[in-house]
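Put together the whole structure using the sequences plus the hints.
From first to last, the protein sequence lines are chains Z and U.
For the first sequence, position 31 matches number 30 in numbering that gives the first Met the number 0, and the numbering has no gaps at all.
For the second sequence, position 208 matches number 207 in numbering that gives the first Met the number 0, and the numbering has no gaps at all.
Take the hints with a grain of salt, since some may be wrong.
[Claimed, not checked] Here's a subset of chain U near chain Z, in silico, CB distances under 10 Å, partners left out: (1) Ile38; (2) Leu57; (3) Ala59.
[What the hints assert, rightly or not] Here's a subset of chain U near chain Z, in silico, CB distances under 10 Å, partners left out: (4) Ala31; (5) Gly55; (6) Tyr61; (7) Ile70; (8) Leu73; (9) Pro74; (10) Ser87; (11) Phe90; (12) Gly91; (13) Phe92; (14) Arg174; (15) His192; (16) Ile199; (17) Phe204.
If you are wondering where the hints come from, they were derived from the structure by calculation, not from laboratory data.
In this text, all values refer to a predicted model and were calculated from it rather than measured experimentally.
Backbone N, C-alpha and C define an ideal beta-carbon position, used for all residues, glycine too.
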Amino acid sequence: MTAHDLSASRLHDHGDTLGHGTRRGYLIGFVLSVILTAVPFWLVMTGALHDAQTTALLIFGLALVQIMVHVIYFLHLDTRAEGGWILMAFVFTIVIVGITIGGSIWVMYHLNTNMMPPMPMPMPPR
Amino acid sequence: MTAQATNAAAAEQRVFHLAEAEDHDHAGGNGATILGFWIYLMSDALIFAALFATFGVLSASYAGGPAPREIFELPLVALNTALLLISSLTFGFGMIEMEAGRARGTQLWLVVTALFGAAFVGIELYEFASLFAEGATPQRSAFLSAFFTLVSTHGLHVTFGLIWIVTMLVQIGQRGLVIENRRRLLCLSMFWHFLDIIWIGVFTFVYLFGVLR
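Dropping the structure here:
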């Protein structure tokens, strides 16, 4: 067996077992995402719960779970990559995204509620 | 003679180890590129966060125009979601082919991915065209401005992803799965999966929640 054959066969072993993803990993991720996509669409399209608020909470929860499924099974985020810096950047981004979206909506919602004129504004004189 | 052969073999091994390190753990070889690209993706996530926040704030400002319930067609959105999700899976298969060193297989799966991506963009353009035909243009209300900004930014990303896929098809055709191309494919796969993640936010927050309220 020459060195070339050796390296080639090792590459093969390698692709099937380790590396960035396995066929099994991608399929597990895919099946989970199909379920996590189908359920919210079903909930909203059929109105199965008859309660908009519960449905909303449920679809947001499912979306968060699905995002984590994609990050783990498709982006292969783990704690070791780049000495942990990939994970660190990811966690930092989640915090900023949470503050940006949650904070904006929270602040602007209260602003809208408090600033809403109780009645149509009186016409300016003349 | 034998010593020379051993040396040659050793040299080949060494070169090969470099390749192994690159494709194995992100830290080796070109790890800096992967970390840098990851940070780019995170900054892109912040752009989308700003757009989602804008949409969230303006999502009830109809200005007497159409509400989400009246204009969104969920079956079409479900189809689009399915297309993008399947394209993530086919890209994954492409990466497996790449790691196995099969250039043909990689190209084949990339073509399949690109077809699904193109179908996604096509359906989105069709959806935009029918919204425009109904008079639901970005100028109509703040809600529609925010909607078109957010969704078309995502659509533009997918379009650039498609251009990138075609570029990689040509590069693999010219040079095969050399280490530079593997690195680029790894970045492209991260980009593509990232766009699918953004789409989860779009279909939940914009479409499903919009129809619900």
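Evaluated hints:
1. Ile38: holds, 6 Å
2. Leu57: holds, 9 Å
3. Ala59: Status holds, d = 9 Å.
4. Ala31: holds, 9 Å
5. Gly55: holds, 4 Å
6. Tyr61: Hint on Tyr61/U: violated, closest Cβ of chain Z at ~14 Å, above 10 Å.
7. Ile70: violated, 15 Å
8. Leu73: holds, 5 Å
9. Pro74: holds, 8 Å
10. Ser87: With a minimum Cβ separation of about 6 Å from chain Z (threshold 10 Å), the hint on Ser87/U holds.
11. Phe90: holds, 8 Å
12. Gly91: Gly91/U check passes; min Cβ-Cβ to chain Z is 4 Å, inside 10 Å.
13. Phe92: holds, 7 Å
14. Arg174: Nearest chain Z Cβ about 17 Å off; hint violated.
15. His192: holds, 4 Å
16. Ile199: With Cβ-Cβ at 5 Å, under 10 Å, it holds.
17. Phe204: Nearest chain Z Cβ about 8 Å off; hint holds.
Going down the numbered hints, you'll see the structure goes against 6, 7 and 14, while the others check out.
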